[in-house]
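Novice: So the chains spell out like this:
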Amino acid sequence: MMSTTDWTFNIYRFNPETDQKPTIKSYELQGVDSEMMLLDALLAIKKQDPTLGFRKSCREGVCGSDGMNVDGVNRLSCVTRLSELNNPVEIRPLPGLPVIRDLIIDMEQFYKQYRAVKPYLIGAEPEPEVERLQTPAQRDLLDGLYECILCGCCSTACPSFWWNPDKFLGPAALLQASRFIEDSRDEATHVRLDQLDDAYKLFRCHTIMSCVQVCPKQLNPTRAIGRIKERMVQNKL
Amino acid sequence: MSLIRRRFDALIIGAGGGGLRASLQLSRAEANVAVVSKVFPTRSHTVAAQGGVNAALANVLPDNWHWHMFDTVKGSDYLGDQDAIEYMCRVAPKLVYELEHYGVPFSRLDNGKIYQRAFGGQSQNFGEKQAARTCAAADRTGHAMLHALYQQNIRAKTHFFDEYFATDLIKNEEGAVLGAIVVSIQTGEAMLIEARTTLLATGGAGQIYRTNSNALINTGDGLGMVLRAGIPLQDMEFIQFHPTGIAGIGMLITEGCRGEGGYLVNGDGERFMERYAPNAKDLASRDVVSRSIYLEVKEGRGCGPNKDYVLLKLDHLGADTIMKRLPGIRQSCLTFLGIDPIETPIPVYPTAHYCMGGIPTNRKGEVVMPVKDTPEEPVPGLYAAGECACVSVHGGNRLGGNSLLDIIVFGRAAANEMIEHMKENRYRLPMNEASVEKAMDRLHRWDRKGEGETVDGLKEDLKKAMEDYCGVYRTQELLDKGVEEIGKIRDRLPNVYINDFSRTFNTARIEALELENLVEVAMCTVVSAAARQESRGAHSRVDFPKREDQQWMKHSLYFSEGDRMDYKPVRTKPLTVDSFPPKERVY
Chain A
0 MMSTTDWTFN
10 IYRFNPETDQ
20 KPTIKSYELQ
30 GVDSEMMLLD
40 ALLAIKKQDP
50 TLGFRKSCRE
60 GVCGSDGMNV
70 DGVNRLSCVT
80 RLSELNNPVE
90 IRPLPGLPVI
100 RDLIIDMEQF
110 YKQYRAVKPY
120 LIGAEPEPEV
130 ERLQTPAQRD
140 LLDGLYECIL
150 CGCCSTACPS
160 FWWNPDKFLG
170 PAALLQASRF
180 IEDSRDEATH
190 VRLDQLDDAY
200 KLFRCHTIMS
210 CVQVCPKQLN
220 PTRAIGRIKE
230 RMVQNKL
Chain B
0 MSLIRRRFDA
10 LIIGAGGGGL
20 RASLQLSRAE
30 ANVAVVSKVF
40 PTRSHTVAAQ
50 GGVNAALANV
60 LPDNWHWHMF
70 DTVKGSDYLG
80 DQDAIEYMCR
90 VAPKLVYELE
100 HYGVPFSRLD
110 NGKIYQRAFG
120 GQSQNFGEKQ
130 AARTCAAADR
140 TGHAMLHALY
150 QQNIRAKTHF
160 FDEYFATDLI
170 KNEEGAVLGA
180 IVVSIQTGEA
190 MLIEARTTLL
200 ATGGAGQIYR
210 TNSNALINTG
220 DGLGMVLRAG
230 IPLQDMEFIQ
240 FHPTGIAGIG
250 MLITEGCRGE
260 GGYLVNGDGE
270 RFMERYAPNA
280 KDLASRDVVS
290 RSIYLEVKEG
300 RGCGPNKDYV
310 LLKLDHLGAD
320 TIMKRLPGIR
330 QSCLTFLGID
340 PIETPIPVYP
350 TAHYCMGGIP
360 TNRKGEVVMP
370 VKDTPEEPVP
380 GLYAAGECAC
390 VSVHGGNRLG
400 GNSLLDIIVF
410 GRAAANEMIE
420 HMKENRYRLP
430 MNEASVEKAM
440 DRLHRWDRKG
450 EGETVDGLKE
460 DLKKAMEDYC
470 GVYRTQELLD
480 KGVEEIGKIR
490 DRLPNVYIND
500 FSRTFNTARI
510 EALELENLVE
520 VAMCTVVSAA
530 ARQESRGAHS
540 RVDFPKREDQ
550 QWMKHSLYFS
560 EGDRMDYKPV
570 RTKPLTVDSF
580 PPKERVY
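From first to last, the protein sequence lines are chains A and B. When we follow numbering that gives the first Met the number 0, the leftmost residue of the first sequence carries the number 0, and every step to the right adds one. When we follow numbering that gives the first Met the number 0, the leftmost residue of the second sequence carries the number 0, and every step to the right adds one.
Don't take each hint at face value.
[Claimed, not checked] Beta-carbon label-pair distances, calculated as ranges:
{"id": "1", "chain 1": "B", "residue 1": "Ser1", "chain 2": "A", "residue 2": "Glu124", "range": "55 to 61 Å"}
{"id": "2", "chain 1": "B", "residue 1": "Gly126", "chain 2": "A", "residue 2": "Arg222", "range": "54 to 60 Å"}
{"id": "3", "chain 1": "B", "residue 1": "Gly317", "chain 2": "A", "residue 2": "Ile207", "range": "34 to 40 Å"}
{"id": "4", "chain 1": "A", "residue 1": "Leu236", "chain 2": "B", "residue 2": "Gly317", "range": "39 to 45 Å"}
{"id": "5", "chain 1": "A", "residue 1": "Ala43", "chain 2": "B", "residue 2": "Gly260", "range": "36 to 42 Å"}
{"id": "6", "chain 1": "A", "residue 1": "Gln212", "chain 2": "B", "residue 2": "Arg425", "range": "54 to 60 Å"}
{"id": "7", "chain 1": "B", "residue 1": "Glu376", "chain 2": "A", "residue 2": "Lys24", "range": "40 to 46 Å"}
{"id": "8", "chain 1": "A", "residue 1": "Asp139", "chain 2": "B", "residue 2": "Lys297", "range": "43 to 49 Å"}
{"id": "9", "chain 1": "B", "residue 1": "Arg5", "chain 2": "A", "residue 2": "Met208", "range": "16 to 22 Å"}
[Unchecked claim] Mimicking EDC-like on lysine to aspartate or glutamate, the simulated pairs with C-alpha atoms at most 20 Å apart in a straight line are:
{"id": "10", "chain 1": "B", "residue 1": "Lys437", "chain 2": "B", "residue 2": "Glu423"}
{"id": "11", "chain 1": "B", "residue 1": "Lys93", "chain 2": "A", "residue 2": "Glu124"}
{"id": "12", "chain 1": "B", "residue 1": "Lys112", "chain 2": "A", "residue 2": "Asp185"}
{"id": "13", "chain 1": "A", "residue 1": "Lys46", "chain 2": "A", "residue 2": "Asp5"}
Hints were generated in silico from the structure; no laboratory data involved. Built from N, CA and C at the ideal position, the CB exists for glycine as well.
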């Protein structure tokens with residue numbers, strides 16, 4: 000059933016050129032359908048105030064642009080219904096990384112950790128002239144790993160990542176590491192496991208599981224991290 | 000303000016599948032390559048492609064590239080260039096294997112080979128039984144490809160300028176392209192990237208329509224840049240309406256649903272595609288299925304309280320197939336409709352999806368335009384690939400699964416040609432400061448302060464007008480009105496102002512620059528459509544219901560100066576095989 004209500008949005012605003020410190024600005028949308036997605040609400044607010052900054056692209060939860068902290072939880076605005084939220088809605092940038100402006104964060108540290116796990120298939124050379132074979136069972140091991148959209152919701156919800164963003168790789172990068180460790184076509188498994196065997200990179204995960212709670216693709220980085228640890232033990236035997 | 004200047008061998012604008020396939024080729028050839036993208040690469044719209052990529056691997060049913068070629072030519076309604084189509088279909092298997100080697104997690108068959116599914120417009124043996132040619136990674140093939148291509152670019156150490164917006168090409172007096180002006184979205188600083196070769200891979204412009212399947216970033220930026228540089232756009236009247244967008248929202252529901260055995264029903268519960276396409280039924284070409292849905296609804300046989308959509312039934316496929324082959328679709332239905340397609344049919348209606356037209360190129364990816372008596376003279380230094388380009392392999396109507404193929408085939412081909420060009424032209428041409436100045440003036444226009452219309456207001460009017468006057472079915476009257484209305488909107492553009500002049504991540508300024516591109520592309524589309532008095536592929540004229548090969552088997556070229564139309568012949572001669580002469584197109 001469509002129910003229309005007035006909604007209030009308290010949004011974090013910060014423009015480094017004019018603001019000493021961030022402020023919270025309130026916006027009203029009157030008579031909106033509560034089944035509306037939060038991204039559509041933000042676009043309506045941006046019509047009132049075009050200076051409001053946030054990233055956006057696909058509108059359907061596959062590009063990972065619009066991660067933000069909503070009522071204290073990291074979410075993608077395009078797949079979040081207003082009816083799931085409190086009224087007023089509290090919207091802040093994803094926590095733990097520097098804010099560039101308003102809801103836009105600087106994700107370079109996050110991408111750096113992603114690149115650090117060598118997130119690419121290292122296959123045997125020479126490449127065959129056709130596809131490498133992979134059984135459906137081997138391919139199934141990649142389900143739950145390859146679907147990551149790099150939105151950053153998980154890593155920026157992780158207290159260990161907040162504490163050591165430069166040393167602990169964080170759930171997103173570790174999920175990627177697992178995606179290649181588990182791939183039967185990858186030849187660098189041992190190297191990958193050796194590189195992760197460090198007091199910080201992997202082992203700062205304290206299975207708090209915030210990452211699992213917030214992942215908009217319902218992926219489970221904690222399980223992937225556990226799997227890496229098992230593989231590490233097997234690797235040493 | 001001083002302008003930052005950087006020099007590269009190759010500049011690639013756009014980091015979707017086409018741009019990234021090209022940059023990978025160039026980086027591996029040790030060219031110094033810069034990729035400029037207005038979003039972080041994995042946010043590009045390739046990520047949203049679902050169903051798969053076509054290649055005649057014959058993993059599931061017998062197949063060969065020549066059948067693929069026939070289907071593509073027929074699907075194009077004989078407007079596709081057969082040399083380019085032959086090239087694409089021949090090289091497809093090799094390039095899909097290459098994607099597999101890059102790490103794309105394709106779904107697998109029991110024998111370990113790449114899984115392939117049936118898609119619309121595919122046949123065995125030149126129009127006989129249904130083929131299964133679409134290589135898939137569940138229903139997330141675009142995501143899988145884009146991420147793998149980005150990852151291999153990380154490995155190849157490609158240089159990325161993430162969140163930089165390209166505004167204009169820089170040309171010299173002789174028409175050679177010398178690079179582009181780009182703006183850092185994060186800092187607002189403009190930069191001149193000088194490049195010996197420039198590739199446009201900026202994707203489509205679905206945002207000219209109100210209901211579309213496209214990302215918000217698909218604003219035709221490369222198309223606008225090309226028009227402003229005096230280069231025409233080709234076949235822009237051919238806009239693909241995908242048959243199955245989520246009704247009312249436009250979000251894509253993959254053709255793979257029908258490939259896996261799903262079918263459409265109308266308000267009477269009838270499988271109506273049996274009437275429109277007795278053989279291929281629900282797997283007829285997209286233009287055919289979209290028109291059928293439109294007519295069912297128009298004639299009162301729609302579903303729902305307002306009878307304004309039809310239903311896509313998957314509930315007979317079983318939970319296993321849906322969970323395994325269509326998990327992303329199920330998730331979208333749960334999120335946006337609150338229904339589970341395992342149990343409930345999906346309400347669908349055609350949605351603006353793809354531009355068959357674009358920047359005219361040859362099969363090597365060189366941008367070509369008429370110069371004096373030559374219809375296809377390369378523009379020195381400029382290349383295009385992917386949805387923004389018109390090679391033309393899609394002609395009047397693209398087959399599903401040929402878009403992901405197009406981007407890897409022609410991204411790679413363009414890169415190879417760029418490498419050749421740089422071998423033959425070892426010296427950098429001198430910069431043309433007048434062209435730089437002109438581009439900077441245009442950029443500074445948005446620093447003006449004043450009162451007038453808003454970017455959003457004009458954009459809404461534009462999208463509404465395109466929907467009203469240039470939709471699935473068209474008439475001269477509607478299109479003429481469309482030209483008039485879009486013309487008025489274009490005239491209002493100088494009266495649009497923004498109120499945010501900050502430098503840091505100024506999204507208002509970026510959206511204003513995008514609006515300029517949207518207006519150019521919309522005008523080009525409607526003018527091209529008003530001129531073509533026949534029905535072919537996705538261009539359906541109620542007043543000219545037949546295809547007219549004598550008069551109209553030719554490519555349209557639109558020049559923005561004076562909204563002028565020109566035409567050039569279709570390349571009907573393939574590279575090695577006999578050409579497929581035009582025939583009546585039935586499915």
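Novice: Next, verify each hint and record whether it holds.
Specialist: Quick rundown of the hints versus the structure:
1. Against the hinted window of 55 to 61 Å, the Cβ-Cβ separation of Ser1 (chain B) and Glu124 (chain A) comes to about 47 Å, which falls outside the hint.
2. The given range of 54 to 60 Å is broken by Gly126 (chain B) and Arg222 (chain A), whose C-beta atoms sit roughly 49 Å from each other.
3. One distance hint, 34 to 40 Å for the beta-carbon pair Gly317 (chain B) and Ile207 (chain A), holds here, with the actual separation near 38 Å.
4. Checked against the hint of 39 to 45 Å, the pair Leu236 (chain A) and Gly317 (chain B) passes, with Cβ atoms roughly 42 Å apart.
5. Under the hint 36 to 42 Å, the C-beta atoms of Ala43 (chain A) and Gly260 (chain B), about 40 Å apart, fit the expected range.
6. For the hinted restraint 54 to 60 Å between Gln212 (chain A) and Arg425 (chain B), the CB-CB distance of approximately 57 Å keeps it satisfied.
7. In this structure the hint that Glu376 (chain B) and Lys24 (chain A) lie 40 to 46 Å apart at CB is violated, the actual value being about 55 Å.
8. About 45 Å separates the C-beta atoms of Asp139 (chain A) and Lys297 (chain B), a value consistent with the hinted range of 43 to 49 Å.
9. The beta-carbon spacing between Arg5 (chain B) and Met208 (chain A), approximately 44 Å, falls outside the hinted interval of 16 to 22 Å.
10. Of the supplied pair hints, the one linking Lys437 (chain B) and Glu423 (chain B) is violated, its CA atoms being roughly 30 Å apart against a limit of 20 Å.
11. Restraint check for Lys93 (chain B) and Glu124 (chain A): satisfied, since their Cα atoms lie roughly 17 Å apart, inside the 20 Å limit.
12. A hinted pair counts as satisfied when its Cα atoms are at most 20 Å apart, and Lys112 (chain B) with Asp185 (chain A) qualifies at roughly 17 Å.
13. Straight-line distance between C-alpha atoms of Lys46 (chain A) and Asp5 (chain A) comes to about 17 Å, which keeps the hinted pair within the 20 Å bound.
In summary, the structure is inconsistent with hints 1, 2, 7, 9, 10 from the numbered list given earlier, while agreeing with the others.
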